[in-house]
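The whole structure should be built from the sequences, with the hints applied where relevant.
What follows is each chain in one-letter form.
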Amino acid sequence: MEVDREDGRSQNQLRPLACSRNILHRAHGSASWSQGDTKVLAAVYGPKAGTKKNENPEKACIEVIWKPKTGQIGKLEKEYEMILKRTLQSICILTVNPNTTTSVIIQVVNDDGALLPSAINAACMALVDAGIPMRHLAVSICCCVARSGLVILDPTKLEEQNMKAFAYLVFPNSVHSVLPEGSLSVQGEPIENGIITSVTHGVMSVDDYFYCLERGRAASTKLSDFLRRNLQQQSTDSSKAG
Amino acid sequence: MDVRLANTWRLSLNEKNFIKTALLSDIRIDGRKPFDFRNIIIIFGREDGSAEVQLGQTRVMCVVTAKFVQPFRDRPNEGTLSIYTEFSPMADPSFEAGRAGESAVELGRIIDRGLRESRAVDTESLCIVAGKLAWAIRIDIHILDNGGNLVDAANIAALAALMTFRRPECSLGGEDGQEVIIHPPEIRDPVPLIVHHLPIAITFGFFDERVMVIDPTHNEEAVMAGRMIATINANGDICAIQKAGGEGVDQRVIMQCLQLATTKAVDITKQIKAAVETYNSERALQKIKHEPTCVATKVKEGQDQTLDNEGINELVGKYMERLKLISRESYASQNINDEVEVEPKSLRRGADSNGIKFSSAPLSWDPYSKGVDPEFLKASVASQGLSTGNKKKESSGDEKPETPGPFEDVNPNSSAVGASRNEMQVMGPKTLKDAVKPKNKRKKKGSSMI
Numbered sequence: 000m001e002v003d004r005e006d007g008r009s010q011n012q013l014r015p016l017a018c019s020r021n022i023l024h025r026a027h028g029s030a031s032w033s034q035g036d037t038k039v040l041a042a043v044y045g046p047k048a049g050t051k052k053n054e055n056p057e058k059a060c061i062e063v064i065w066k067p068k069t070g071q072i073g074k075l076e077k078e079y080e081m082i083l084k085r086t087l088q089s090i091c092i093l094t095v096n097p098n099t100t101t102s103v104i105i106q107v108v109n110d111d112g113a114l115l116p117s118a119i120n121a122a123c124m125a126l127v128d129a130g131i132p133m134r135h136l137a138v139s140i141c142c143c144v145a146r147s148g149l150v151i152l153d154p155t156k157l158e159e160q161n162m163k164a165f166a167y168l169v170f171p172n173s174v175h176s177v178l179p180e181g182s183l184s185v186q187g188e189p190i191e192n193g194i195i196t197s198v199t200h201g202v203m204s205v206d207d208y209f210y211c212l213e214r215g216r217a218a219s220t221k222l223s224d225f226l227r228r229n230l231q232q233q234s235t236d237s238s239k240a241g
Numbered sequence: 000m001d002v003r004l005a006n007t008w009r010l011s012l013n014e015k016n017f018i019k020t021a022l023l024s025d026i027r028i029d030g031r032k033p034f035d036f037r038n039i040i041i042i043f044g045r046e047d048g049s050a051e052v053q054l055g056q057t058r059v060m061c062v063v064t065a066k067f068v069q070p071f072r073d074r075p076n077e078g079t080l081s082i083y084t085e086f087s088p089m090a091d092p093s094f095e096a097g098r099a100g101e102s103a104v105e106l107g108r109i110i111d112r113g114l115r116e117s118r119a120v121d122t123e124s125l126c127i128v129a130g131k132l133a134w135a136i137r138i139d140i141h142i143l144d145n146g147g148n149l150v151d152a153a154n155i156a157a158l159a160a161l162m163t164f165r166r167p168e169c170s171l172g173g174e175d176g177q178e179v180i181i182h183p184p185e186i187r188d189p190v191p192l193i194v195h196h197l198p199i200a201i202t203f204g205f206f207d208e209r210v211m212v213i214d215p216t217h218n219e220e221a222v223m224a225g226r227m228i229a230t231i232n233a234n235g236d237i238c239a240i241q242k243a244g245g246e247g248v249d250q251r252v253i254m255q256c257l258q259l260a261t262t263k264a265v266d267i268t269k270q271i272k273a274a275v276e277t278y279n280s281e282r283a284l285q286k287i288k289h290e291p292t293c294v295a296t297k298v299k300e301g302q303d304q305t306l307d308n309e310g311i312n313e314l315v316g317k318y319m320e321r322l323k324l325i326s327r328e329s330y331a332s333q334n335i336n337d338e339v340e341v342e343p344k345s346l347r348r349g350a351d352s353n354g355i356k357f358s359s360a361p362l363s364w365d366p367y368s369k370g371v372d373p374e375f376l377k378a379s380v381a382s383q384g385l386s387t388g389n390k391k392k393e394s395s396g397d398e399k400p401e402t403p404g405p406f407e408d409v410n411p412n413s414s415a416v417g418a419s420r421n422e423m424q425v426m427g428p429k430t431l432k433d434a435v436k437p438k439n440k441r442k443k444k445g446s447s448m449i
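Sequences listed follow chains Z and D, in order. Note that the first sequence covers residues 0 to 241 in numbering that gives the first Met the number 0. Note that the second sequence covers residues 0 to 449 in numbering that gives the first Met the number 0.
Calculated directly from the structure, the hints in this document are not laboratory data. There may be inaccurate statements among the hints.
With a Cα cut of at most 30 Å, we get these calculated DSBU-like pairs of lysine-lysine [stated by the list, open to error]: (1) LYS68(Z) to LYS269(D); (2) LYS286(D) to LYS263(D); (3) LYS163(Z) to LYS84(Z); (4) LYS47(Z) to LYS66(D).
From the derived model, a few chain D residues whose C-beta atoms are all more than 10 Å from chain Z [unchecked claim]: (5) ARG45; (6) ALA99; (7) ASP121; (8) GLU123; (9) LEU143; (10) ILE240; (11) GLU281.
Small disclaimer: the values here were computed from a predicted structure and weren't measured. C-beta atoms are modelled at their ideal positions from N, C-alpha and C, and glycine is treated no differently.
Pasting the structure below:
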């Protein structure tokens, strides 16, 4: 069953991705991520001395500040900050710099659907740019379930509003490893099948959700490839300059 | 307390002395002369009313939005303009989230004085019903990167955003004439704000030994002894002067500063206007490309009118990617369109459609082909008012994967292109010969695509 998406994409097609690193001069790490018309800017400062009051001083702490495009900061922004913080905490190696705070600042430049996934991707790239030690990267995707039961990826804002339900999913990136196969798997499953974060809105059946997960996983491989190409390209560029 | 001290950024004594000594010989650390402004780059965002300005390493983004409010009681005939400044912690490690520091408040006040009190934006035109309903314009300034001289960059960003902002047109109607009808952007073009003049802020930095520089960088700001900000427009009217403490400066130096500021203001005004012109012409072109997709869907007889309305309602004139796929079926059946009275949405559209044009298209036209050069498409738009919808689709399909960044970069190169496009449109309503030539070209390209 074909679905008519307004921009002519098929149900599994992502919008054009663009990413650039090291765009800000004062920030230690910065990245700009755009998926179609959604554009997010992320900056990382850190590690700074000291942790916040309620945080564990034996580990590094990550602080996230979400800046919307316009208007005051409300509950939605706080929720995004919390989700982003927990996601990033699970991919960073927190024992390397104990009793420090790394600040991640997200600025929404344009919101055209799939905002949180773009922000997570941008934050990940900014952390790489800043050189914060991480276990693996996180790739994030938005899958939604249409009223007809079809699952489509990477919706625009209009599409998101017309969907029955949608889910933001974050997976670890796919691994190219020199280690023998099976060493990076957890209980027999390769590590990239794990889900780091999943946030759903709306009502969907369990089967639909698993279908979303499958699609999301497949798309995350594509995203991981894009990330890898982007990072490798930029690192060779900087090595030429240096 | 220790933690905050540990985290603040400080310039070392050696660097400070170096900057001061170099300035005594009229040398600045980034290679500029004392009265040189840094390079200004203005980039506009996807939506109307969003602009980003890069002044050397300083980066500021500004977003303008509007909503309905009740006007103030002492000014029932005017709308309101309010400025919110966000010193994002992204820009500088010393900026704290939430609490606005004193420099943030000062920046907000300077821009406020320059824009509102000098009546640069016409607030009386923002009033809809006196005493009851008016537009409130909200300007959000986000500082992204602090490379020095935030006031000037933020001012330019605010002006650029205000000049490209468009509010929906509304009119009074209803039974008693008191109801306000807001027209969606597809029906009626949104209306720009009336900006009378452009107040430009110029910052001067004063150092010891009577040294004065324009547009200080971040390092120079840490060393300087005093600062003065003059907001001047291109006519030489002083809108605001701010000198808050710092080293005492001679009167003659102040007069010299103001004269310098006037010349700089003229330059910067020209740059802003050129950037806005390019943006507006790009926007106009995008609008033309969108409308023909309505025509494309209306090929089946009998279904004309309904498809027309649907087409209009579903099109949001912003994104190139929003295409109607219904035309796929409509093109499969070659229909010769006799009288399709297209409601003229813009001056360019002709009223009748020559059926011959459509008939040739389906033979070699592939909706997803990307081989068409956008330049000659624009030429064909200019030459014949009736834009053939299929060509626009190709161009939209072409540009979708091509440009990664949604911002339209405004550089001298693109402004030249914009000018040439404008020229082509001026030559527009010429002869049918111009229309015929592109069609032949299109056919050739079409066949090569397959």
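So, going through the hints one by one against the coordinates:
1. Proximity of LYS68(Z) to LYS269(D) is assessed by CA-CA distance (about 28 Å); at most 30 Å being required, the pair is judged to hold.
2. Using a Cα cut-off of 30 Å, the hinted pair LYS286(D) and LYS263(D) is violated, with the two alpha carbons roughly 35 Å apart.
3. Straight-line distance between C-alpha atoms of LYS163(Z) and LYS84(Z) comes to about 27 Å, which keeps the hinted pair within the 30 Å bound.
4. Under the criterion of a C-alpha separation no larger than 30 Å, the hint pairing LYS47(Z) with LYS66(D) is inconsistent with the structure, at around 40 Å.
5. At the 10 Å boundary, the C-beta of ARG45(D) falls inside the reach of chain Z, the nearest C-beta of that chain being 5 Å off.
6. Non-interface status of ALA99(D) relative to chain Z is upheld: no Cβ of that chain comes within 10 Å, the nearest being about 13 Å off.
7. For ASP121(D), the condition that its CB be more than 10 Å from all CB atoms of chain Z holds, with the nearest at approximately 22 Å.
8. For GLU123(D), the requirement that its beta carbon stay farther than 10 Å from each beta carbon of chain Z is met, with the minimum near 24 Å.
9. Residue-level check failed: LEU143(D) sits 7 Å from the nearest beta carbon of chain Z, not beyond 10 Å.
10. At roughly 29 Å from the closest C-beta of chain Z, the C-beta of ILE240(D) stays outside 10 Å, upholding its exclusion from the interface.
11. The non-interface label for GLU281(D) is consistent with chain Z: the shortest C-beta to C-beta separation is roughly 15 Å, beyond 10 Å.
Against the hints set out earlier in the document, violations occur for numbers 2, 4, 5 and 9.
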